[in-house]
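As a plain string of letters, each chain reads:
There are 2 protein chains.
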Amino acid sequence: MSHRSYNFSAGPATLPETVIKTAQLALWDYEDSGVGIMEHSHRGPLLTKVFDDVDENIRALANVSDDYEILFLQGGASSQFFMLPMNLLGSDDTADYINTGAWSKKAMVEARKFGKVHEVASSADKDFTYIPDAASYDWSPEPVYAHFTSNNTIAGTQFATEPTVPEGVPLVCDASSDIFSRPTDFSKYAMVYAGAQKNLGPSGVTLVIMRKELVERGPDTLPTMLQYRTHANKGSRFNTPPTFGVFIIGEVIKWLRSLGGLRAIAEHNRDKAKILYDFLDESAFFSATARDDSRSLMNVCFCAAKPELEESFVELATEQGFIGLKGHRSVGGMRASIYNAFPREGVVKLVEFMKEFERSNR
Amino acid sequence: MSHRSYNFSAGPATLPETVIKTAQLALWDYEDSGVGIMEHSHRGPLLTKVFDDVDENIRALANVSDDYEILFLQGGASSQFFMLPMNLLGSDDTADYINTGAWSKKAMVEARKFGKVHEVASSADKDFTYIPDAASYDWSPEPVYAHFTSNNTIAGTQFATEPTVPEGVPLVCDASSDIFSRPTDFSKYAMVYAGAQKNLGPSGVTLVIMRKELVERGPDTLPTMLQYRTHANKGSRFNTPPTFGVFIIGEVIKWLRSLGGLRAIAEHNRDKAKILYDFLDESAFFSATARDDSRSLMNVCFCAAKPELEESFVELATEQGFIGLKGHRSVGGMRASIYNAFPREGVVKLVEFMKEFERSNR
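In order, the protein sequence lines correspond to chains A and B. Convert by adding 2 to the 1-based position in the first sequence; the result is the number in our numbering. Convert by adding 2 to the 1-based position in the second sequence; the result is the number in our numbering.
Isolated chain A (complex conformation) (with noise of 0.2 Å):
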């Protein structure tokens, strides 16, 4: 079995080593059926099996009560960008967004498609490099929902806990980069949506928990794929659902509740990103972006201190088989995203190159 390099790319990204094994022998044969993971109709037993298996293991590993749907939608979170205000936001209506960059401005874009959206707080000031500070949010008087990105995968900045929104206000998070990284009270929470391909799977599935009332609220005017209630209804089989991303998911949920749930990977992942940010705080030449209370333990974004040297940084741990570094486009510098499956080991020999790196450099 070949070498795996170290990858630090932003999603998709790194999978658990065990649940690609675990796909390698699916493919063929799942389960001694003869016919391969991917072969298998969704309406067959196996693959029933494995849907009710995903949504029994997400409610015991998250602690999500039957008061929610969980539903395997496609389109990535793009798609509920625009389906959330689609089925919730009348054109009367507003919605509370809480603006922390790039992700964040998407969805405003989208919402306001479809109604009014009322900006909470925002961290444009200082390019999203943090989390905006609860004192500072101003609400509307009745917004329908109100909607904060939990992770910023660009600037690297993360809520260290979700925002208290005014009573009876639904929150809905996009938590794309940090969907169970760590034990979240989903209970406060009206929807929480995520792609896949950074902590769950592989591209093109989208998680979505969403409180059966809000589900069952959206037109059924709307296009059939579109409303919620199409898919929760069917047990997100309606069509013919991804069947390979949903069993990839199933079998990361089992491997996060082999490894002790959501406090052991709260830890690993909190002993992971120390060890990064450690490293970059004691560092003359390279330094964390994002400001220290608002820093991401997903996405750890960097800089150095000869931004002429950052390309050929890039490029001579690409060699060392340190992938995917590069900083995102809109702003430069580099990145080190460390989601629940990647290694501790790997983020141990980054610091070490970097140290090295510094060395010869400095």
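None of these hints come from the bench; they were simulated from the model. Ideal Cβ placement from N, Cα and C applies to all residues, glycine included. Mixed in with the good hints there might be a few duds.
[Stated by the list, open to error] Listed next, the in silico DSS-like pairs over lysine-lysine satisfying Cα-Cα at most 25 Å (straight line):
no. : chain 1 : residue 1 : chain 2 : residue 2
1   : B       : Lys357    : A       : Lys115
2   : A       : Lys107    : A       : Lys190
3   : B       : Lys128    : B       : Lys108
4   : B       : Lys236    : A       : Lys107
5   : B       : Lys115    : A       : Lys115
6   : A       : Lys236    : B       : Lys107
[As the list claims (entries may be wrong)] Just so you have them, the derived chain A footprint on chain B, three or more residues with Cβ under 8 Å:
no. : segment
7   : 42 to 52
8   : 111 to 123
9   : 159 to 166
10  : 240 to 248
With chain A held as given, fit chain B onto it using these hints.
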């Protein structure tokens, strides 16, 4: 390597074994990059090449000119049912639909949410067991497009070739269940769309081949993800696409080219279907349910002279490794789906099994 059954499922369906073996290796480490195919950035060089190559190979396989965009979208054909009229059908416009069964009807339901739908012809009078004769087509005066479903999985019917539309009317085809199963003159079409899970790859990707002038026609006030131009302008990578699925499609297209392209696969498909239909025509016990001239080469639907034995037929077949022969729940009976990747040997063995069943039960 364990035994594989003969999988007659209607979709997700059998994939070429050589493609599955390639996928198994790529999952762990794609092209010696040290990173698995699911874990590669969609903007990195290796996936850029996957996307470039699949575009080029589809154009070469099917002779698709540069007047067309080739898009990889999500949400299945069911999402094209609404996305097409959402982009092209104004509220005062009319679109013409040929109604050949459940899938056509679903497409019509979604189109009616945006504009007027005119039924050109229908085979509802005989449970959709035939393709309406061209002489019966009643076109509307100025349809913005004409839509048909080239192959109908439930009743097992298939257009022998595309219908001839009045001059200047853009022809749109849902080819989910027979795309690339035979030579097709794509220059006659304005748009062809197909869920991947029958002839192309795993579920979760929709191939759209669309004239560039139609791509640009949709209103730019629609949600960003629902405008064809969004995806066309970014090479199907506006947001994170279903990378693994597109990779598999790429491998399936290469496999088709290596077999000799659409002429070769058409011959293979005709041969397989003939073995089964010839037996059904001879048999005193089993019979094909579609009208002779409308028979699908992809989904062979049949019933037994003693309907009370159909359940035990399917059970016994399953035990003997012939999977997925139960007819669609809406029509009953049996169905053998024998798409491109289904092996001839499996059809021969199924016929042997059916002969034996007939001997024992007539």
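Hint-by-hint comparison with the structure:
1. Our distance criterion of 25 Å between C-alpha atoms is broken by Lys357/B and Lys115/A, whose separation comes to about 61 Å.
2. Note on Lys107/A and Lys190/A: the hinted pairing holds, with a Cα-Cα distance of about 23 Å set against a maximum of 25 Å.
3. The hinted pair formed by Lys128/B and Lys108/B meets the criterion: a straight-line CA distance of about 18 Å does not exceed 25 Å.
4. Distance check on the hinted pair: Lys236/B and Lys107/A sit about 19 Å apart at the alpha-carbon level, within 25 Å; holds.
5. A threshold of 25 Å between alpha carbons decides the hint, and for Lys115/B with Lys115/A the separation of about 18 Å falls inside it, so the pair holds.
6. The suggested pairing of Lys236/A with Lys107/B holds, with an alpha-carbon distance near 19 Å, which does not exceed 25 Å.
7. With a cut-off of 8 Å between beta carbons, the segment 42 to 52 of chain B has 4 residues touching chain A; three or more are needed, and the interface restraint holds.
8. Look at the segment 111 to 123 of chain B against chain A: 3 of its residues bring a Cβ nearer than 8 Å to a Cβ of that chain, three or more, so the hint holds.
9. Counting residues of the segment 159 to 166 of chain B whose C-beta lies closer than 8 Å to any C-beta of chain A gives 0; at least three are required, and the coverage claim is violated.
10. Three residues within the 8 Å Cβ limit are the bar, and the segment 240 to 248 of chain B against chain A gives 8, so the coverage statement holds.
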